[in-house]
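S.K.: These are the residues of each chain, in order.
There are 2 protein chains.
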Amino acid sequence: MGTLHRFSGTEDHFDWENVKSLHYAEGSAKGVSGKIMIGTDDGAEHFVFRYFCVEPGGHSALNDYHVHPHGVMILHGHALVTVEDKQYEMGPRDVIFIGPWEHHSLAAVGDEPMGFLCVIPHKDLLAKLDSAKQK
Amino acid sequence: MGTLHRFSGTEDHFDWENVKSLHYAEGSAKGVSGKIMIGTDDGAEHFVFRYFCVEPGGHSALNDYHVHPHGVMILHGHALVTVEDKQYEMGPRDVIFIGPWEHHSLAAVGDEPMGFLCVIPHKDLLAKLDSAKQK
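Taken in order, these protein sequences are the chains called D and S. First residue of the first sequence? That's 1 in the working numbering, and the numbers climb one at a time after it. First residue of the second sequence? That's 1 in the working numbering, and the numbers climb one at a time after it.
Among the hints, a few may not be true.
[Said to hold, decoys possible] Straight line, CA to CA, 30 Å or less: simulated DSSO-like cross-link-like pairs of lysine-lysine:
(1) D:K123 with S:K128
(2) D:K128 with S:K133
(3) S:K133 with D:K123
(4) S:K30 with D:K123
(5) S:K123 with S:K86
(6) D:K30 with D:K123
(7) S:K30 with D:K133
(8) D:K20 with D:K123
(9) D:K128 with D:K20
(10) S:K30 with S:K123
(11) D:K133 with S:K86
(12) D:K20 with S:K86
Simulated from the structure, these hints should not be mistaken for laboratory data.
Construct the complete structure from the given sequences, taking the supplied hints into account.
M.R.: So this is what it looks like as structure tokens:
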């Protein structure tokens, strides 16, 4: 009857009750850790809420490139977000949509960790859509 | 090349650049306004990021009930969230998943407006999945 995850973190390292760590080890990533805030364990079949924390000087996989889009909201710290040939300085509450097959990376700038919410479609849903298209 | 929406609001009424207001007029709702932060206009085909602001004493439609799930993060203020026969007091950064066909409502408690991010699957995507299932 709803699945609640109460905030249990600190100002620069967010965490929630009853969430799992997410193994994020893309080749070129540096200083990134993740959590799954809403996902399969909650019964969510359409989307996944992930939180990533990037240490100062760190970044997600450079030039990352894949079929699934990202809906991102910066939660703390400051980011330099690269999408294709554009760069955006972003701070708390700023939002960006990164479309399918857009090369992208998110880096922490400044002395503080940078944390963001990153929503993606559930991978089983992408597979179902792909399968429906092929029929 | 990514679609950026910079935060442009205040502490208790969030807003972003280049977002549209969302008409929310469910029968029993009171004191609720909304914005679409990420949606069709951004090219997003899988999910929609909505922001709702609930004035003190206000609430979303009572006992709302529909096929689409919600991924919710409280952004400011304090909420009383009802899902089926459970009630949860929630504050900033707390997260809840509300599944398909779970009766629910979100109310603002206290003297401040309550704002939350509410992610839903895109309605065209739900239609595609439904159509694929029927084939």
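S.K.: The structure should be examined with respect to each hint, and the outcome stated for every one.
M.R.: Against the structure, the hints come out as follows:
1. D:K123 with S:K128: This hinted pair holds, its Cα atoms lying about 16 Å apart.
2. D:K128 with S:K133: 9 Å, holds
3. S:K133 with D:K123: Satisfied, since the Cα-Cα distance of roughly 17 Å is no more than 30 Å.
4. S:K30 with D:K123: 36 Å, violated
5. S:K123 with S:K86: Holds, at about 27 Å.
6. D:K30 with D:K123: Given that 30 Å is the threshold and the Cα spacing comes to 24 Å, the pair holds.
7. S:K30 with D:K133: 41 Å, violated
8. D:K20 with D:K123: It holds: about 17 Å lies between the C-alpha atoms, which stays within 30 Å.
9. D:K128 with D:K20: Holds, at about 25 Å.
10. S:K30 with S:K123: With a Cα-Cα distance of about 24 Å, the restraint between K30 of chain S and K123 of chain S holds, given a limit of 30 Å.
11. D:K133 with S:K86: The given pair, whose Cα atoms are some 40 Å apart, is violated under the 30 Å limit.
12. D:K20 with S:K86: Holds - the C-alpha atoms of K86 of chain S and K20 of chain D are around 24 Å apart, at most 30 Å.
Figure legend: structure checked against the earlier numbered hints; hints not met, in rising order: 4, 7 and 11.
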